[in-house]
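Listed in order, the protein sequences are those of chains A and B.
Those letters in the first sequence? Residues 1 to 225, by this note's numbering.
Those letters in the second sequence? Residues 1 to 409, by this note's numbering.
Please keep in mind that the hints were generated in silico from the structure rather than gathered at the bench.
Do not rely on the hints blindly, as some may be mistaken.
What the hints assert, rightly or not - The list that follows gives simulated cross-link-like pairs (lysine-lysine, BS3-like), each with its CA atoms no further than 27 Å apart:
| no. | chain 1 | residue 1 | chain 2 | residue 2 |
| --- | --- | --- | --- | --- |
| 1 | A | 119 | B | 396 |
| 2 | A | 74 | B | 396 |
| 3 | B | 92 | A | 70 |
| 4 | B | 239 | B | 98 |
| 5 | B | 105 | B | 85 |
| 6 | B | 156 | B | 98 |
| 7 | A | 70 | A | 204 |
| 8 | A | 119 | A | 33 |
| 9 | B | 18 | A | 119 |
| 10 | B | 152 | B | 122 |
| 11 | A | 6 | B | 324 |
| 12 | A | 204 | A | 217 |
| 13 | B | 182 | A | 122 |
| 14 | B | 255 | B | 98 |
| 15 | B | 399 | A | 74 |
| 16 | A | 122 | A | 193 |
| 17 | A | 122 | A | 211 |
| 18 | A | 70 | B | 399 |
| 19 | A | 33 | A | 8 |
| 20 | B | 105 | B | 272 |
| 21 | B | 324 | B | 87 |
| 22 | B | 324 | A | 122 |
| 23 | B | 68 | B | 98 |
| 24 | A | 74 | A | 32 |
| 25 | A | 74 | B | 92 |
| 26 | B | 98 | B | 85 |
| 27 | A | 211 | A | 74 |
| 28 | A | 124 | B | 324 |
Unchecked claim - Away from chain A, derived, C-beta distances all over 12 Å, residues of chain B:
| no. | residue |
| --- | --- |
| 29 | 2 |
| 30 | 305 |
| 31 | 314 |
| 32 | 373 |
| 33 | 401 |
Backbone N, C-alpha and C define an ideal beta-carbon position, used for all residues, glycine too.
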Amino acid sequence: MSELIKMKDVTKVYPLGETEVHALRGVNVSIKKGEFISIIGPSGSGKSTLMHIIGCLDVATSGSYFLRGKDVNKMDGNQLADIRKEFIGFIFQDFYLLPDVSAWYNVSLPMIYNRVAPKERKEKAVRILESVGLGDRVDHLPNQLSGGERQRVAIARALANEPEIIIADEPTGNLDSVRGEEILEILSDLHEKGKTIIIVSHEKYVAERGKRKIYLKDGRVEGKG
Amino acid sequence: MFRSFLFEILRSAVESIKANKLRSLLTTLGIVIGVTTVIGVMSVISGFRKYIATSFSQLGANVIYVSKHPWFANVSRKEWLEILKRKDIGIKEYQALKEYGTTFKYISPLDRINLEIRRGEKEASDVTVHGVYEDFSRILNQGVELGRFLSKDDIKYKRHVCVLGQDVVNSLFPEENPIGNKLKIQGRQYQVIGILEERGEMMGNSMDNVVMIPFTTMTEFTGRNKTINVVVYAEDKEKATEEIRWILRGVRNLKPGEEDDFSLNSSEALIKQFNQLTGTFLLISIAIAGISLVVGGIGIMNIMLVSVSERTREIGVRKAIGAKSGEILGQFLMESVVICLVGGFFGIFLGASLTKIISIVSHGNVPFNIPIWSIFLGFGFCCGIGVFFGYYPARKASKLSPVEALRYE
Numbered sequence: 001m002s003e004l005i006k007m008k009d010v011t012k013v014y015p016l017g018e019t020e021v022h023a024l025r026g027v028n029v030s031i032k033k034g035e036f037i038s039i040i041g042p043s044g045s046g047k048s049t050l051m052h053i054i055g056c057l058d059v060a061t062s063g064s065y066f067l068r069g070k071d072v073n074k075m076d077g078n079q080l081a082d083i084r085k086e087f088i089g090f091i092f093q094d095f096y097l098l099p100d101v102s103a104w105y106n107v108s109l110p111m112i113y114n115r116v117a118p119k120e121r122k123e124k125a126v127r128i129l130e131s132v133g134l135g136d137r138v139d140h141l142p143n144q145l146s147g148g149e150r151q152r153v154a155i156a157r158a159l160a161n162e163p164e165i166i167i168a169d170e171p172t173g174n175l176d177s178v179r180g181e182e183i184l185e186i187l188s189d190l191h192e193k194g195k196t197i198i199i200v201s202h203e204k205y206v207a208e209r210g211k212r213k214i215y216l217k218d219g220r221v222e223g224k225g
Numbered sequence: 001m002f003r004s005f006l007f008e009i010l011r012s013a014v015e016s017i018k019a020n021k022l023r024s025l026l027t028t029l030g031i032v033i034g035v036t037t038v039i040g041v042m043s044v045i046s047g048f049r050k051y052i053a054t055s056f057s058q059l060g061a062n063v064i065y066v067s068k069h070p071w072f073a074n075v076s077r078k079e080w081l082e083i084l085k086r087k088d089i090g091i092k093e094y095q096a097l098k099e100y101g102t103t104f105k106y107i108s109p110l111d112r113i114n115l116e117i118r119r120g121e122k123e124a125s126d127v128t129v130h131g132v133y134e135d136f137s138r139i140l141n142q143g144v145e146l147g148r149f150l151s152k153d154d155i156k157y158k159r160h161v162c163v164l165g166q167d168v169v170n171s172l173f174p175e176e177n178p179i180g181n182k183l184k185i186q187g188r189q190y191q192v193i194g195i196l197e198e199r200g201e202m203m204g205n206s207m208d209n210v211v212m213i214p215f216t217t218m219t220e221f222t223g224r225n226k227t228i229n230v231v232v233y234a235e236d237k238e239k240a241t242e243e244i245r246w247i248l249r250g251v252r253n254l255k256p257g258e259e260d261d262f263s264l265n266s267s268e269a270l271i272k273q274f275n276q277l278t279g280t281f282l283l284i285s286i287a288i289a290g291i292s293l294v295v296g297g298i299g300i301m302n303i304m305l306v307s308v309s310e311r312t313r314e315i316g317v318r319k320a321i322g323a324k325s326g327e328i329l330g331q332f333l334m335e336s337v338v339i340c341l342v343g344g345f346f347g348i349f350l351g352a353s354l355t356k357i358i359s360i361v362s363h364g365n366v367p368f369n370i371p372i373w374s375i376f377l378g379f380g381f382c383c384g385i386g387v388f389f390g391y392y393p394a395r396k397a398s399k400l401s402p403v404e405a406l407r408y409e
């Protein structure tokens, strides 16, 4: 399998008042296409920072990061936005849906930035919502949906531009275990269909889903398995 | 596809405004007031100008009124007192102009006095009696509808004949032909020889409540032939003006270097003067409206800053799913422009309503007349304000780092 992500000696330093916070202290990670990875570690271990860098939301302070063979560290804001748009779908713990618009419109949002024609946008959004079991909820507003449903809308949104990589940051953190399982099922399904899945979590049962685990502690990779 | 993107940011702007109706409404208030002022003032002034122009055109475009003072003077009190001290214009000036003038076609002295006119039990009050020569009807380009106008002989022999305006006909001869009938002016009998064509109104006053009699006959009861006007019809007004000045300066013994002690008035000059005056008023109003638009713009900037900080999370999400800085900038700029345009729309609507009300209250004297360009100007200004004052907040939004925006609580 081809190498999708290759990170070498990645560090991330944040200024915090007078001092600096070393969130990552030299991380080496490589992920192949189609893998199902769990990034786990206690809070403050740097897993969110790592996720942000993998997801091109942030750039490393030093080290190298190649995504599909391209040097992400050399990209400017717009190029990073293009990468996120085309190759990465995000799922957040708090869903982060726009509250004033319907489920289908939330799902169609990434397609707007991908310049998909309006009619096609809606059709596709509805199709994806059906695939996550929300065929009868397309016109509902987020506050008319349950937590599990909202997270499924968020997954649908992450899938809108057919990205290669899905990055899920504590996707079950705000759900009860039954709903959480449902979400993890969907993610497993997506993995079966060939997507590269990266889950960030501190919960063991979530992390167990990953075919490979990356343990982070104090900004370093402690172990893999 | 860019058009569809524009449509999306427009849609998102409208959604966000709809979600905060009251706030958006309050925000646009400054813009509304500004645009209302601009549209209202421009419409009223433009309507008024049109009205003045139409009114004064009654005086005739090719007519020069030689008078002691200007009709309209933008001068100090002291200067005006000087003007009042001028020598009167009299029949002497008329005779000189008649004798030496070559550049104008028709000329007549003109004296006016408002009198009551009787015919038996009937009376017409406040009728403007004109004492004129035979050319006067051609000078005003006002013919007779029935009968004839005053003739050379009427003037020469000081005949007691008169030509009536429509209003006088209506009050004194409601149901008969007035020609040949008699009426009384200042106790003396006059025979009606003609009826003037209708002229309508000027500045809200009927121009048809008139009687015209020979100037020579009129001097019998007024006793004056020195405090009059001379009216001239000239194809080439500029040339005629020069000649008239030259003749009058001679007759009135003005030395070189001395200022003219008479005024040549025309409808054109009057309209020009009037436009100058209203122009100043217009500028002041636009300045006031400008201030209110700037205040409105600052309000919009303030609200947009609030909106950006309220929606930091949303900006983070949009960036995470691939929005570029420029696209976020566009979204927020569009929002502030749409708010401004909504304000502009209400402003134009209110301004137009205001003009309509003024037009109704003034009984159509100030016509309802909204210049199309003022609407475009209004909308253009709103767009400008939206972009100018929306830029800083929008740029702030676009510069947010996605990670920080997502973390924002």
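Open item on the list: Are any of the numbered hints broken by this structure? If so, which, sorted upward?
Closed with: 1, 3, 5, 7, 8, 10, 13, 17, 21, 25, 27, 29, 31 and 33
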